[in-house]
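Participant: These are the residues of each chain, in order.
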Amino acid sequence: MYDALVVALAVFIGVAGHELLGMAMLSRPIVVAPLAGLLLGDIQTGLIVGASLEAIFMGVVNIGISSTAEPSLAAGLATAFAIKMGGNVDVVIPIVFPLAVLGLQLMNMIFSFVCGPMAAKFFSFAKEDNQKGIINLHFFMWFIHYALYALIPFFAVLFGADVVKSVLDNIPKVIMNGLTVAGNLLPAVGMAMLLQMLWSKKIAVWFFSGAVIMAYFNLPLIAIAVIGAIIAIVMAQRDLQLKKMQTAPQANTITAGTRTIDDEEEDFFK
Amino acid sequence: MYDALVVALAVFIGVAGHELLGMAMLSRPIVVAPLAGLLLGDIQTGLIVGASLEAIFMGVVNIGISSTAEPSLAAGLATAFAIKMGGNVDVVIPIVFPLAVLGLQLMNMIFSFVCGPMAAKFFSFAKEDNQKGIINLHFFMWFIHYALYALIPFFAVLFGADVVKSVLDNIPKVIMNGLTVAGNLLPAVGMAMLLQMLWSKKIAVWFFSGAVIMAYFNLPLIAIAVIGAIIAIVMAQRDLQLKKMQTAPQANTITAGTRTIDDEEEDFFK
Amino acid sequence: MYDALVVALAVFIGVAGHELLGMAMLSRPIVVAPLAGLLLGDIQTGLIVGASLEAIFMGVVNIGISSTAEPSLAAGLATAFAIKMGGNVDVVIPIVFPLAVLGLQLMNMIFSFVCGPMAAKFFSFAKEDNQKGIINLHFFMWFIHYALYALIPFFAVLFGADVVKSVLDNIPKVIMNGLTVAGNLLPAVGMAMLLQMLWSKKIAVWFFSGAVIMAYFNLPLIAIAVIGAIIAIVMAQRDLQLKKMQTAPQANTITAGTRTIDDEEEDFFK
Amino acid sequence: MKLGQQISKEEKKLVRKMFWRSMTMYASVNPVTMGGGGFAYSMMPFINHFYKDKNDRAAALERHSQYFSTTIPFASFIMGTAASMEKENSKKPGFDVESINAIKTSLMGPLAGIGDSLFWGVWRVVCAGLAINLAHAGNILAPIIFLIMFNVPNYLVRYYGGILGYSLGSKYIQKLYANGLIEILTKAASVLGLIMVGAMTISMVKFDTILSFSMDGKEILNVQKILDSIFKGIVPLLISLGCFKLLQKKVGVIKIIFGMVILGIVLSLLRIA
Amino acid sequence: MKLGQQISKEEKKLVRKMFWRSMTMYASVNPVTMGGGGFAYSMMPFINHFYKDKNDRAAALERHSQYFSTTIPFASFIMGTAASMEKENSKKPGFDVESINAIKTSLMGPLAGIGDSLFWGVWRVVCAGLAINLAHAGNILAPIIFLIMFNVPNYLVRYYGGILGYSLGSKYIQKLYANGLIEILTKAASVLGLIMVGAMTISMVKFDTILSFSMDGKEILNVQKILDSIFKGIVPLLISLGCFKLLQKKVGVIKIIFGMVILGIVLSLLRIA
Amino acid sequence: MKLGQQISKEEKKLVRKMFWRSMTMYASVNPVTMGGGGFAYSMMPFINHFYKDKNDRAAALERHSQYFSTTIPFASFIMGTAASMEKENSKKPGFDVESINAIKTSLMGPLAGIGDSLFWGVWRVVCAGLAINLAHAGNILAPIIFLIMFNVPNYLVRYYGGILGYSLGSKYIQKLYANGLIEILTKAASVLGLIMVGAMTISMVKFDTILSFSMDGKEILNVQKILDSIFKGIVPLLISLGCFKLLQKKVGVIKIIFGMVILGIVLSLLRIA
Ligand SMILES: OC[C@H]1O[C@@H](O)[C@@H](O)[C@@H](O)[C@@H]1O
Ligand SMILES: OC[C@H]1O[C@@H](O)[C@@H](O)[C@@H](O)[C@@H]1O
Ligand SMILES: OC[C@H]1O[C@@H](O)[C@@H](O)[C@@H](O)[C@@H]1O
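Protein sequences, first through last, are from chains C, P, D, W, R and F.
Counting from 1, one number per residue, gives the positions in the first sequence under the UniProt record's numbering.
Counting from 1, one number per residue, gives the positions in the second sequence under the UniProt record's numbering.
Counting from 1, one number per residue, gives the positions in the third sequence under the UniProt record's numbering.
Counting from 1, one number per residue, gives the positions in the fourth sequence under the UniProt record's numbering.
Counting from 1, one number per residue, gives the positions in the fifth sequence under the UniProt record's numbering.
Counting from 1, one number per residue, gives the positions in the sixth sequence under the UniProt record's numbering.
Source of the hints: derived by calculation from the structure; they are not laboratory data.
Check each hint, because a few of them may be wrong.
With a cut-off of at most 20 angstroms between alpha-carbon atoms, the simulated SDA-like pairs for lysine to any residue come out as follows [claimed, not checked]: (1) Lys-52/R x Glu-62/R; (2) Lys-173/D x Asn-55/F; (3) Lys-17/W x Asn-48/W; (4) Lys-87/R x Leu-168/R; (5) Lys-245/F x Val-205/D; (6) Lys-127/D x Asn-55/F; (7) Lys-173/C x Arg-271/W; (8) Lys-17/W x Asp-216/W; (9) Lys-201/C x Lys-244/P; (10) Lys-232/F x Thr-209/F; (11) Lys-127/C x Glu-62/W.
Keep in mind the model is a prediction, meaning the values are calculated, not measured.
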């Protein structure tokens with residue numbers, strides 16, 4: 001019972017803390033697993049589980065509202081089970097990915113069916129300038145969202161590793177695989193949400209340029225960010241120059257060249 | 001005699017069919033060899049020869065009027081000889097490349113010295129609105145071009161593999177090698193013909209950009225096509241914007257930006 | 001004594017000749033070492049030393065006034081010592097890099113503290129139209145600069161390899177390593193000097209684009225030069241077009257396109 | 001221009017309050033308003049300070065409860081900008097209130113694209129790489145170093161972003177908006193954002209079909225290879241664009257997510273993936 | 001705009017005839033007119049339909065027998081465009097007849113560059129890769145699948161290209177041409193074409209010198225390495241540009257081709273390649 | 001336009017004199033004027049030819065003793081340009097003398113960036129690669145072939161550069177300058193120069209920290225790896241930009257160089273590098 005409680009707490013601190021503290025990354029396995037280990041009295045095992053899972057879930061990011069998997073649940077449970085099995089980390093590794101994929105689906109359900117319906121209240125409170133109402137709702141939604149989620153590790157630890165394993169085993173392999181496939185595709189939804197905010201026919205071509213660079217040059221994102229920034233700056237400089245030409249077609253500000261009068265606007269564009 | 005006839009037929013169907021049916025790729029070894037095999041009663045050997053030669057001649061393309069080699073002749077003969085040698089494909093592989101290079105030279109001769117002189121007739125027919133004349137000439141040139149070419153495999157099979165081999169052996173190695181070198185250089189003529197259609201001093205720089213990308217990044221052509229399309233679109237967008245600025249210097253169409261009035265022209269440029 | 005003299009001479013010819021004869025590369029090990037070898041009567045050893053050191057110092061270039069190392073001193077001494085040790089090149093290799101680093105520091109000192117103070121004289125001569133004075137000063141500075149430098153190999157050979165080695169050994173390792181680190185960083189000063197000549201806020205972005213290309217694509221400089229030239233030309237074409245639009249907003253010279261009137265200016269821009 | 005020099009002490013206090021509140025922006029994350037609730041919560045200090053009238057406050061709160069989503073470290077920059085516009089609005093009678101949410105929505109996309117890739121794609125990976133090594137060596141400081149290393153830039157960007165947004169807002173944004181320069185900025189940021197999203201589409205959306213045809217035990221057709229030779233990452237690209245099309249057709253995000261799960265299971269059942 | 005919606009039924013029939021005839025465009029390929037004979041043949045249905053006068057027909061046939069060369073799948077797009085211009089010409093007295101061939105020649109280059117690289121360089125390789133595997137496994141469908149797979153897009157592009165060309169032509173091309181937008185389009189297509197031709201020059205023209213100097217059995221100078229360190233693919237580039245210069249100087253293609261064969265043999269004799 | 005056709009025989013002689021003198025430009029290289037002394041020396045033939053008055057000559061000599069630095073093979077191009085402007089000045093009374101040094105300084109940067117990378121970074125490497133092989137085989141011609149191979153283009157560029165500069169100068173540069181086109185040219189050359197300098201910064205400035213932390217014998221933190229994952233070559237980039245900032249703040253080059261030596265030793269003492 002204590003074990004179940006503290007693992008649930010560790011997971012809650014992870015997922016809820018991540019959002020409360022400004023995308024603080026508390027929900028990453030490298031944080032959740034040692035925390036669970038600490039509370040369970042074996043921090044070393046927690047560290048090892050955390051390191052292993054952090055590597056396994058390195059590619060799992062959280063963009064828009066879609067993700068590949070939810071790793072903190074897996075981190076908490078894996079720590080608990082590994083400690084029970086005398087610190088043997090290797091035996092729990094095979095179940096962490098299925099767990100994380102399943103965790104994500106459950107998280108999505110809470111998000112959609114619990115948080116979704118509550119959100120309309122924000123508008124009604126706002127209309128009445130009911131600031132207390134907004135604040136309470138804001139934090140209540142936060143609590144209920146992640147507290148519900150924390151029930152999963154609570155019961156999972158309570159019933160024990162065997163039950164969890166048998167539950168996982170009872171999910172047909174083809175379904176489990178399907179969830180993994182879906183998990184790998186889910187970031188597409190995040191991309192689509194970003195696209196919806198960014199897209200415009202006239203500049204859509206740049207989306208493809210980012211894709212082709214990544215697909216065929218396989219650069220780290222930071223290199224693409226630098227290249228993208230260079231492109232954006234060069235384009236903005238030309239736009240600025242044209243803007244000026246148009247508003248003051250007499251002036252001699254053409255060459256975007258080496259030495260022209262730096263007025264305030266240029267200053268802004270650095 | 002039957003063998004000679006059907007191999008000649010297979011080669012004719014390949015080269016003549018390719019051009020008659022709209023660049024249908026009938027002249028590729030993967031088509032000609034199984035066809036020859038079928039007619040010779042051993043389609044399996046034809047398939048194997050076709051697969052091997054298609055791989056060997058993968059880089060042989062037909063752009064402008066120059067090429068590296070003409071592979072259908074080699075495909076037809078290799079199939080015939082391989083079948084005669086009891087389905088042994090490996091023994092004919094060494095002669096296919098010399099054959100294809102030689103085939104290309106002969107094809108070029110027909111093209112130049114047979115088809116060339118006939119072409120002038122098109123103009124005289126046109127001037128008299130003699131449509132029948134044009135049509136007849138069109139298909140007669142097609143037939144004679146490839147029928148003449150098909151005589152080569154006909155006699156080659158008639159005289160047999162040994163004679164072909166001894167002919168090839170009797171061509172000095174240095175000449176054969178020279179033909180191969182020439183074959184590798186010949187696509188340059190195709191490129192030059194394309195250049196003649198595309199070149200203009202002002203945009204010549206893009207030719208070199210394509211070259212430098214291929215030389216140093218070694219990308220597949222499709223990736224270069226995507227990159228090139230992106231460049232062309234971005235450039236056209238800017239051109240369009242400038243065009244508008246010039247014709248309507250008052251209007252506020254500068255930023256090529258996120259939200260401006262989509263008029264018909266923009267529509268066209270998608 | 002003869003040995004010391006001729007090695008000093010070889011080094012002098014290298015460094016002084018390089019600058020006198022228009023960046024003639026006489027100071028490269030591949031020249032200095034065989035020359036020293038010739039004068040010492042064992043040109044073969046000189047060749048081998050030259051080849052080895054040229055490879056070692058391949059990355060050492062001389063841009064602005066900063067460099068990684070000064071290789072001609074090392075080349076001269078290494079040749080002398082290798083010959084003395086019976087043509088054994090391998091034993092001298094370990095000392096060449098420390099020597100070259102040290103040589104660079106000494107060269108920098110002469111450059112700063114000897115040549116620096118003399119330079120002001122140029123202005124006073126110029127003001128009096130004293131052309132003789134300028135010419136004499138020009139060549140005197142040349143001579144003193146490199147003659148002083150040539151004293152180092154002179155004494156080094158005079159005292160012998162053992163002394164040189166013990167001097168090098170007596171410089172604490174950590175200092176020697178520090179000099180190497182400094183040598184590797186010194187080209188930054190050259191880059192900074194070039195930047196000072198090139199920089200302007202508006203085009204600074206291109207500096208970073210060169211950096212990102214080299215860092216992540218690792219292309220040879222020639223490829224980057226071609227890419228850079230393409231960028232510069234495309235940009236200049238657009239600038240030219242805008243310039244024209246502005247000066248003659250009526251004219252129809254927009255598209256920078258395929259066929260427009262080639263006037264003199266365009267001609268110039270090829 | 002030194003950051004924030006032209007902001008009064010009192011205003012700085014407000015910005016600082018917003019900074020702390022913005023931390024929780026996604027606490028009430030939900031499919032309808034995303035961070036809208038948190039945005040309104042973060043704006044309260046300003047709203048209460050600028051508007052004395054209850055109706056004005058209600059209007060402002062309603063404005064800022066709307067759908068909002070961007071990456072947390074850049075959120076306060078937008079809040080600051082919005083706050084400076086609310087200030088204008090509270091003073092000038094004829095102010096175009098619509099422009100406040102227009103700016104918010106035009107900035108949130110580009111900043112999300114850029115910020116997500118930098119903070120999730122680059123910086124988190126660097127920090128985690130280090131922390132994994134520490135943890136493997138049994139160092140109990142691993143999680144703490146990880147959190148500090150990641151969050152120092154995270155918090156700094158959010159802190160100074162807020163100040164920058166508010167001071168730029170009061171000095172520039174209005175003007176930029178008026179003479180059309182904001183369009184140029186937005187376009188540039190969007191271009192960068194699109195490039196990053198394009199790159200992330202390839203690197204984060206994963207799909208490999210296991211479909212392949214064999215004959216006599218020899219594989220004769222590996223579908224993934226064909227797909228790769230057409231365009232590497234063509235499936236992630238098409239799926240992302242498909243989701244985008246659905247979103248544009250007002251299909252809800254939740255529906256799309258569950259559709260994707262079903263798609264995954266179907267593909268698995270059909271032995272395609 | 002739905003494709004071809006504003007074309008009458010009768011016209012559609014003409015386009016379809018052209019589509020079938022365009023298939024044979026290169027049947028009479030020759031060094032003088034290339035596909036000119038086939039072009040004229042493909043235009044006949046239109047010419048006979050638009051012009052009732054024998055002289056007009058003769059003039060049109062002469063126009064379209066001229067030198068023409070582009071990649072087959074894109075040929076019908078140009079034919080369609082030309083047909084729509086012939087229609088204009090048959091109706092409007094003052095029509096600028098010259099513009100018909102001007103458009104043809106300005107389009108054929110870019111489209112050849114783009115089309116050749118896509119159909120020869122990309123799609124054929126994909127199809128052949130698959131067919132080779134099938135054939136190795138002894139599947140007698142290999143050639144058939146190869147032909148179908150390659151030709152479906154080939155024919156579709158040619159079919160819809162024809163319709164597109166004809167309907168665009170009548171609606172847009174004239175207008176585009178009039179207000180100069182055609183220049184922008186042509187330039188964009190040419191830029192893409194030039195990039196592709198540049199890339200193909202490197203990947204398809206092959207040259208490696210075997211020239212090298214040795215001393216005491218050790219190779220001291222590998223000329224190809226030197227060439228590569230100057231610029232990879234410099235020889236193919238220079239040879240292609242050389243051929244282009246010759247073509248511009250009105251040296252016949254045939255002469256150049258035979259010159260190249262001689263060059264090859266000479267290089268071989270001199271043990272250079 | 002054929003090179004130098006509009007230059008008189010006498011002028012050609014002057015250019016040739018300058019060509020030979022320019023060879024020694026850096027003989028008196030020094031931290032104050034760099035190649036300024038040599039520049040003045042190279043200009044003497046022209047100065048004496050154009051100006052008969054001692055004061056004019058002195059003024060010209062003073063102009064050309066100023067700080068000047070570019071890569072040798074391109075130096076004579078700038079000298080030629082400057083010479084043609086001196087000629088103008090000697091004829092036209094109202095000539096803007098300032099413009100002479102303005103042109104010189106605006107050209108020297110871009111040309112140095114381009115020239116250094118081509119002659120030092122590309123061509124020297126090619127020649128040395130060949131010579132090393134020759135020398136290893138014991139061929140005593142190695143150094144001679146190296147020198148000839150490197151210097152033929154080096155001298156040719158300097159020779160024709162001088163003629164080009166002088167003939168362009170008298171015909172074009174003035175005009176280009178007048179109607180602002182020189183700005184376009186300078187910008188283009190500077191862009192290319194900056195790209196090359198950016199690339200050289202990464203390839204020529206070297207820094208690798210050896211800093212790393214271990215625990216129980218296992219390395220847990222390799223600082224260089226972290227730096228690389230932030231941005232490859234970030235340290236060379238920052239150090240170069242740092243030096244540049246110092247130069248802009250008028251810190252002397254010499255001071256910076258010695259500061260760098262001290263920095264190196266300090267880094268070594270601290271076991272950082
Ligand atoms: O994409 C914007 C934003 O979306 C959210 O919902 C979170 O997942 C954030 O981590 C992310 O930065
Ligand atoms: O380049 C255009 C065109 O040239 C031809 O002669 C044929 O070889 C075609 O395959 C090619 O598409
Ligand atoms: O950078 C310009 C120039 O600087 C000098 O001092 C020399 O080192 C030259 O080799 C170099 O070309």
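Participant: If a hint holds in the structure, say so; if it doesn't, say that too.
Facilitator: Results of checking the hints against the structure:
1. Taking the CA atoms of Lys-52/R and Glu-62/R, the gap is near 16 angstroms; set against the 20 angstroms cutoff, the hint holds.
2. Under the criterion of a C-alpha separation no larger than 20 angstroms, the hint pairing Lys-173/D with Asn-55/F is inconsistent with the structure, at around 58 angstroms.
3. Restraint check for Lys-17/W and Asn-48/W: the C-alpha separation of about 12 angstroms stays at or below 20 angstroms, so the hint holds.
4. Taken as a hint, the Lys-87/R and Leu-168/R pair is honoured in the structure, with Cα atoms around 13 angstroms apart against an allowance of 20 angstroms.
5. Of the supplied pair hints, the one linking Lys-245/F and Val-205/D holds, its CA atoms being roughly 16 angstroms apart against a limit of 20 angstroms.
6. A distance of roughly 8 angstroms separates the Cα atoms of Lys-127/D and Asn-55/F; the hinted pair therefore holds under the 20 angstroms criterion.
7. Of the supplied pair hints, the one linking Lys-173/C and Arg-271/W holds, its CA atoms being roughly 12 angstroms apart against a limit of 20 angstroms.
8. Among the hinted pairs, Lys-17/W with Asp-216/W is inconsistent with the structure: their alpha-carbon atoms are about 71 angstroms apart, more than 20 angstroms.
9. Taken as a hint, the Lys-201/C and Lys-244/P pair is honoured in the structure, with Cα atoms around 18 angstroms apart against an allowance of 20 angstroms.
10. The suggested pairing of Lys-232/F with Thr-209/F holds, with an alpha-carbon distance near 13 angstroms, which does not exceed 20 angstroms.
11. Restraint check for Lys-127/C and Glu-62/W: the C-alpha separation of about 6 angstroms stays at or below 20 angstroms, so the hint holds.
Of the numbered hints stated above, those contradicted by the structure are hints 2 and 8, listed in ascending order.
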